[in-house]
Amino acid sequence: MNSFILPAATLWQRELVRFWRQKSRVLGVVASPLVFWLLMGYGSNDLARFYAGALVLTVMFSAIFSTISIIEDRREGFLLSMMVSPAPRTSMVLGKILGAATLAWIQGLIFLAFAPLAGVHVGLEQVLLAAGAIFLVSFTLTGLGFVIAWKMDSTSGFHAIMNLLLVPMWMVSGSLFPMATAQGVIRAIMWVNPLTYSISMLNGLLGLPNASPGPLTSAAVTVGFGMVLLIISGLIASQKSTKSAA
Amino acid sequence: MIQVQNLTHRYGERVALSNVSFEVKKGEIFGLLGPNGGGKSTLFRILSTMMVPTQGKAILAGHDVVRDAAAVRRHVGVVFQTQSLDKALTVEENLRAQGHLHGLSGAVLRERMEAAMKRLGILDRRKDLVDTLSGGLKRRVEIAKALLHRPQVLLMDEASTGLDPAARRDVSRHVETLRQSEGVTILLTTHILEEADRCDRLVLLHQGNIVAQGTPNELRSSIGGDVVVLASEDPAALAAKIEERFHLKPAVLDDEVRVEIQNGHRFIAEVVEAFPGAVNSVGLHKPTLEDVFVRQTGASIE
Chain A
21 MNSFILPAAT
31 LWQRELVRFW
41 RQKSRVLGVV
51 ASPLVFWLLM
61 GYGSNDLARF
71 YAGALVLTVM
81 FSAIFSTISI
91 IEDRREGFLL
101 SMMVSPAPRT
111 SMVLGKILGA
121 ATLAWIQGLI
131 FLAFAPLAGV
141 HVGLEQVLLA
151 AGAIFLVSFT
161 LTGLGFVIAW
171 KMDSTSGFHA
181 IMNLLLVPMW
191 MVSGSLFPMA
201 TAQGVIRAIM
211 WVNPLTYSIS
221 MLNGLLGLPN
231 ASPGPLTSAA
241 VTVGFGMVLL
251 IISGLIASQK
261 STKSAA
Chain B
-5 MIQVQNLTHR
5 YGERVALSNV
15 SFEVKKGEIF
25 GLLGPNGGGK
35 STLFRILSTM
45 MVPTQGKAIL
55 AGHDVVRDAA
65 AVRRHVGVVF
75 QTQSLDKALT
85 VEENLRAQGH
95 LHGLSGAVLR
105 ERMEAAMKRL
115 GILDRRKDLV
125 DTLSGGLKRR
135 VEIAKALLHR
145 PQVLLMDEAS
155 TGLDPAARRD
165 VSRHVETLRQ
175 SEGVTILLTT
185 HILEEADRCD
195 RLVLLHQGNI
205 VAQGTPNELR
215 SSIGGDVVVL
225 ASEDPAALAA
235 KIEERFHLKP
245 AVLDDEVRVE
255 IQNGHRFIAE
265 VVEAFPGAVN
275 SVGLHKPTLE
285 DVFVRQTGAS
295 IE
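Protein chains in written order, with the numbering used here: chain A, 21 to 266; chain B, -5 to 296.
What the hints contain is simulated information worked out from the structure, not anything from laboratory work.
Since the structure is predicted, the reported quantities are computational estimates derived from the model, not experimental observations.
Any given hint could be a false lead.
[To be verified] Short, incomplete list of chain A residues facing chain B, as computed with Cβ under 8 Å:
hint: 1; residue: L36
hint: 2; residue: R95
hint: 3; residue: R109
hint: 4; residue: T262
From the three backbone atoms N, C-alpha and C, an ideal C-beta is built for every residue, glycine too.
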């Protein structure tokens, strides 16, 4: 048991220590979604509508930033020594994802502090629930980043996927317009897009508009998506290959 | 301690290793010498369990690298050419994380870290960020890190590349004491002759094949006498003339003609006399591992 928990814990801790030593990262990750939100929100006189989307974008930026480091880290970094250590790959995956998810979560919480600007007035209980929900979203987005990054040879490939998959996925998640008013194919895409449920979950918990599907369904979908990604991550990282792991 | 049997590896169509076999005995310092692209790195990746070979077998410390990778990882320490240290962490934090990956913790880990840092002479830098260390010191931290779990075998990939000569000697000295005091078996890859010369035994790798193996002395004495190197404007023509006149087999490498011969000093006088103007400069030396490599492959190591 020790040989499973210890590697995971040490990787988790490593993410936090590194983060603490490069505090400027926080600014970079939180600032741009904040600016987007304020521009769109004030411009359309509807800060509430774009709030959850901007929060998810913050978390997504952080998750991408953390998982993109896997690519470099594996070529010339600490991940190399992990690959040749006896620690179970699943424990390494869990440590890395939990660590990166924790960072995304912290940045999501910073964004949560701006909720009153969106007209959110909720009790402590709702805030705690929202904090939990933000962790779930952080975990799934980090898992998604991990699955994409693991097989990549270069960071430029990751940027391409980010622009072609992750950002559009965010755009059709209810962050910009609700599923209820979406047309045809886009509506269907929104229905299968796991991020849609992240947005509706946050809207539901914070008492913001565009809160359908309901919080329970949304939470269930988000948890399920996170689990699937965790399992895929574990599987791809445990594969033996005739191509070099590094 | 290490058995490599008929190892072959292909990257798609390209053959990177072809039917390589050798054995390393306990406590030996064993070198894989060859140019970049010769197959060293491929072999290193297979032995360090980073990838599985397309064919053949490798056993380290009694465990198969494919079937029982986890057991191999417990008994083998790996020093990478590229830094495997986290630059944003201190020396101590890097070592602690590594210990945790091997399931070490608490007092045992503290003791081992202390011992490893002391052995490599980095105890006074323990609180420093790795980013602030020199190349030589970083390499020592790498070695300390690879020793924490007391491996029986240490694999080192180009451990001296990128280091200045003093730091290089320093690494070699640490490797030597390690073998003597702990009986650790060491396998290293290198393209630096000086480093290869310090190995107990060597294999020379070229285009995925072993072209020669033995102790450095055995390998060198496979070349009789001296090596004469003649620089020329037209080395091919000079080589042809030498072959015709002296019945020798010269090798041409870049703008040089190399001749293996007894009593090289006499040959120099004769050859310069025989072909005035054809020779720009002359050199004479006792055979080196480079000469062995040139003889076997017609190519240079560096």
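Against the structure, the hints come out as follows:
no.: 1; hint: L36; verdict: violated (11 Å)
no.: 2; hint: R95; verdict: holds (7 Å)
no.: 3; hint: R109; verdict: violated (10 Å)
no.: 4; hint: T262; verdict: holds (5 Å)
This entry does not satisfy hints 1 and 3, going by the numbered hints stated previously.
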